[in-house]
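Colleague: We have chain A; now place chains B, C and D onto it with these hints.
Protein chains: 4
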Amino acid sequence: MTELIKAAVLTAVNKPLEIQEFPAPAPSTGGAVVTVAYAGICGTDIHLKSGNLPVPMPIVMGHEAVGTIAALDPALSTDINGAPLRVGDRVVWSNNIPCGRCHECLVLKERTLCKSRKIYGINRTSSDAPHLLGGMAGQIALEAGTAIIRIPDEVSFEEVIALGCAGPTALHGMLENLTIHPGDTVAVQGSGPVGLAAAIYAKQMGADQVILLGAPASRLELALEIGACDEVIDMGIYTDSAARLEKLRQMTAQERGADVVIECAGVPAAVAESLDLARPNGQVLVLGQYTDHGATPINPHYITKKQLKIFGSWGFAEAHYVKYVESLPQLRKRHDLGALLTVFALEDVNEAMDTVAAGQCTKAVLKP
Amino acid sequence: MTELIKAAVLTAVNKPLEIQEFPAPAPSTGGAVVTVAYAGICGTDIHLKSGNLPVPMPIVMGHEAVGTIAALDPALSTDINGAPLRVGDRVVWSNNIPCGRCHECLVLKERTLCKSRKIYGINRTSSDAPHLLGGMAGQIALEAGTAIIRIPDEVSFEEVIALGCAGPTALHGMLENLTIHPGDTVAVQGSGPVGLAAAIYAKQMGADQVILLGAPASRLELALEIGACDEVIDMGIYTDSAARLEKLRQMTAQERGADVVIECAGVPAAVAESLDLARPNGQVLVLGQYTDHGATPINPHYITKKQLKIFGSWGFAEAHYVKYVESLPQLRKRHDLGALLTVFALEDVNEAMDTVAAGQCTKAVLKP
Amino acid sequence: MTELIKAAVLTAVNKPLEIQEFPAPAPSTGGAVVTVAYAGICGTDIHLKSGNLPVPMPIVMGHEAVGTIAALDPALSTDINGAPLRVGDRVVWSNNIPCGRCHECLVLKERTLCKSRKIYGINRTSSDAPHLLGGMAGQIALEAGTAIIRIPDEVSFEEVIALGCAGPTALHGMLENLTIHPGDTVAVQGSGPVGLAAAIYAKQMGADQVILLGAPASRLELALEIGACDEVIDMGIYTDSAARLEKLRQMTAQERGADVVIECAGVPAAVAESLDLARPNGQVLVLGQYTDHGATPINPHYITKKQLKIFGSWGFAEAHYVKYVESLPQLRKRHDLGALLTVFALEDVNEAMDTVAAGQCTKAVLKP
Amino acid sequence: MTELIKAAVLTAVNKPLEIQEFPAPAPSTGGAVVTVAYAGICGTDIHLKSGNLPVPMPIVMGHEAVGTIAALDPALSTDINGAPLRVGDRVVWSNNIPCGRCHECLVLKERTLCKSRKIYGINRTSSDAPHLLGGMAGQIALEAGTAIIRIPDEVSFEEVIALGCAGPTALHGMLENLTIHPGDTVAVQGSGPVGLAAAIYAKQMGADQVILLGAPASRLELALEIGACDEVIDMGIYTDSAARLEKLRQMTAQERGADVVIECAGVPAAVAESLDLARPNGQVLVLGQYTDHGATPINPHYITKKQLKIFGSWGFAEAHYVKYVESLPQLRKRHDLGALLTVFALEDVNEAMDTVAAGQCTKAVLKP
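Chains as they are written, first to last, in my numbering: chain A, 90 to 457; chain B, 90 to 457; chain C, 90 to 457; chain D, 90 to 457.
Looking at chain A on its own, in the form it has when it is part of the complex (with noise of 0.2 Å):
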């Protein structure tokens, strides 16, 4: 008798997700299956159950989760560095397929612009078998093509889902685009998990002070109590960009404003508070505009006078995640992590999408 397998399941716009049960899957030619220990909730999740970005529906929900092999197909032999992989391994991967044969994959090279890219608990249903393309589930079926990387022992779940998606989204966007020099001053707009991340890898990648901007005052505490920033600067407080602007140059050596300015907001006026808060010649990445909110006011000016280098991102691909799992046994080092969770089970994932989508919590995960 096969056994059943739970699932969070959203079968339409702005229903509450279903907990659904699907027969455990079988591993696919190439593929795995993978027993769920947490799966992430994501800002994203919150657009997806709305109906901001459209999903094939129904769907079994969660891009971002880890857990350990549960059945392996002989054709996968060894996770994507070349280690071996066996049941049994705890391993987590990256979300998402690109097709590796288009102009944007092979000539372009940057795999997260593929048209045709397959992505885990985003744009696969559950209508057909294996169902199981989600991470709100018991297991997840993963196949050929998937970027599986085994977690290395020192590393714990908590310790791998704790950034989420975020970590590589944020490290996409500053390996590929940013200098970051000992000494520097990184900006960081946004204090949610991008935001985080990209504060925690600015200092990974050795800037001397790190300025969060954010809100609200429990999320920065949070933030310089695992030492992801140095400095914060409360928006609750500083409401008005002039005087974060204000702020953050007093901060600076001879007020010459940031070395680089990282853009995790989300907000379109922060784009052009960012073009502020750069020094002459300095850097700014914008991670946080993923949705289309239409034109803002912003003076072009700057980017002229101020020689400014401004770089846009978009989610990540497998090198990012390789090098996110990297990086990790270096960070625990230096953060607690885990500190950032807030733990749900997986029955009560309609309640952890509301914690999410108020902000009342840094980032909540569901055990299945």
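If you're looking for bench data, these hints aren't it; they were derived computationally from the structure.
No incorrect hints appear here.
Same chains, same label: a pair holds when it works inside one copy or across any pair of copies.
The calculated lysine-lysine pairs, modelled on DSBU-like cross-linking and capped at a C-alpha distance of 30 Å, are:
#1 K204 x K336
#2 K395 x K336
#3 K394 x K104
#4 K456 x K104
#5 K394 x K207
#6 K204 x K104
#7 K207 x K395
#8 K207 x K104
#9 K198 x K422
#10 K95 x K207
#11 K336 x K198
#12 K395 x K204
#13 K394 x K204
Modeller: For chains B, C and D alone, coordinates are given in the frame of chain A:
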């Protein structure tokens, strides 16, 4: 008896320039006196005259010039490249002298950001000796520290002055920021001198297809004629942004848009448009926003979504001027640079300025 | 009755190639059959025949070819750039298929380092169907995953095959490593196909002065004739390293040496010499050391003292082949690429191989 | 009556340094007089004394020093970063003054290649006033043009001098050439001051695993103790190159080798070994080949086959010294820099020099 040298002097905002006479200067320590062959008139000169950009007055105008060494201080024996300098040599020089000792010059290594740059024809008054510190004159007194460059034998004065300061300005932004590959499409917004220089250098750096968006039609025809670009989009015909975008897409492979967009239009809205014209993961260089026209609606979602790279660049320093002169022997083989010139006598400076202000010629130069 | 297709097959080391016949193949799923117009002979083919580089035998040789689509599987509807593909289209293809899933392909993002690349004409035996997996044949069977590229209308077969695999090989190393600026001097060591391609692309990427060091005199004359370089240093005249260095210095401004040196000579001693030829802070690209000739005396003091940048590059992947084809419309306007070719009938493959081995032609190609 | 200042003077090659007395200097125009707190002894000083590197004599030695401003010319009001300077401020300075006007300084933008750099303690004789132009003295006279940097309040003199000129030297090479990512393995060859500085900065720039190859065991233990590296390979145990390579491979994921190798050993053979230690497509920085020991056998095939990137770097300029000081507040939190020091009295300079020559201490400094 000392010879008298004629010069075009701005004495008050919006007043016609006066032709005044000053005693022929002797070279200062480490300096040289140059007999001017041509002085260019730049769009910036129109701004200076109208008071948009404040300058000390009275002032001998002209920040672009070429000429022949009339006198040389014994302490000055070579040009910046180490080539010997002698009276009678044909030379050109970088028009600005950064201090070379400040944070911007030495730590940021962006001499164009130096706050105490001395600029011939822009911030050097003619009140005191040696008076002749601008190019619109029979002679100019170059001080120690000026990067003087011998003009290669095969290059004429006309060819050096044809692109004026637009040549090193475009080169600065392009060399330090852009990656142009063989096969690339480069779109240039704006058909003034900076736009023409950008188009010419895009070709020189390996672009396969250079598309110039500008007006009027006569200037676009001239651009095609001298091979500055391969294709044009006439803004007199394609008057709105959507139409230009559609046209450009049709010109590019699979309608992807331009690999590189260089904004040389000077209008803030051009920057909003540049984000549309660029292909996913493309590059945008904002060269044209020299004056502050305030904020304009720009959609920052495109920066993240398309993963764009946007760079600003301002002016130039010695290295760019040297590269500019080094490139001329090759440029002149491919383009009839002299065709860009309209020559006026020094005495006709006001007529020449009016012609430039009215956009009735491509490049006006004065012959003292 | 199935048509029979002729192919040049290597059956044993150092044995002449045999002309064998195989049944005309049908396209495999996602694949295509191409009627070969020309197949190039490359220096590597000489090594394969002599056993220097081991290959599976019997094998249809030929890793460079161009042709016309004879048959197309319905699953294959566009080329790698997204352009529609139809029977009768003139095409070329990247000769190797990296696995696309390993650490090298996905994490290092260096598909040329993939250990399980399949290469037409190099590691595909003709033992089994479809047999025709090399270019020296009437037809070649291209499998799913091959990066097929439509040839632009204005470009002839002769122009595509003229640089053979040397074109994308040079482009790979140059685009990913070198910074060539207008005004730069580039020295190329070696006047074989890779050297000629490197010289042509150095010019294309903006170099003002390209100096080719090589032999014999006839090949250098051809290089000058088609504008591949501006100057030559004949190694038959300048036989020792010191003399070549002295000569090159005299050709460069202030005797500084070359801004960029591209080693395409294949002789280990050329790398020692490249460190001398480069100016202080110059760049060296080592393209020619494909085979292991062991250690040679090199003075590493120059690397520190001159602050050199030295890059190695090997082969090419899809992106470089696409860039290569994209660059041809512009290249053909500047250089008579067809002048490089010597055409042999497929049946004369052994004579053609001998001619290449003896260095008696610049680029030998077979016409099936 | 003028105060007399003691200084350690080299009067002839291989002669012990003499303690001489000079009148306390007054600041020259734009200059400062600094009371020296510590002067470092560098390996280069041993070469100077032994005549390996020629210097003008007599000379006050010492190109590394820190101290307190004793007197300040009114023309000097700020440090290089624009911070106000006052008598009593604790300062350090870049030990060399490039001319700032030559081709190397302005066009190549490599001030370290300037042929007319003035270097305190290296090419400034004590024959004439102000005599005190080296650090091994009670006071040093700094001239206009010296990049003086205020020491941040939380940083001690000991912490600034601990890495001596090795700090900015390593930083120069690393910041301008290397890309170090979170998760990377960096191998450093050589455990002298440059090696230790390179290891510390590799960690600072994000490396996960830093492996130091060197000797003697005591120095490796100290390196581990202060957290300069994560692992060591003791050259006293692993005496041949093949054994070290094997050991390093075992320490890296899938035995790929190091992502980055930094050669700080000074022995030519180390460069041959670095090509082995680096992973395919890895980076090698050659920092250690300051003196010319002639050619050594190196296999250039690896450069092409492994697609390596090899960089050379020499000395440092102002920007690197500023970055060095900016990085110290963060470095001191992570590493007990003071543990590297062995302090000698100025009068014991010859004993200190002998100790350094014998490799019996990590970093010897003089306290005047």
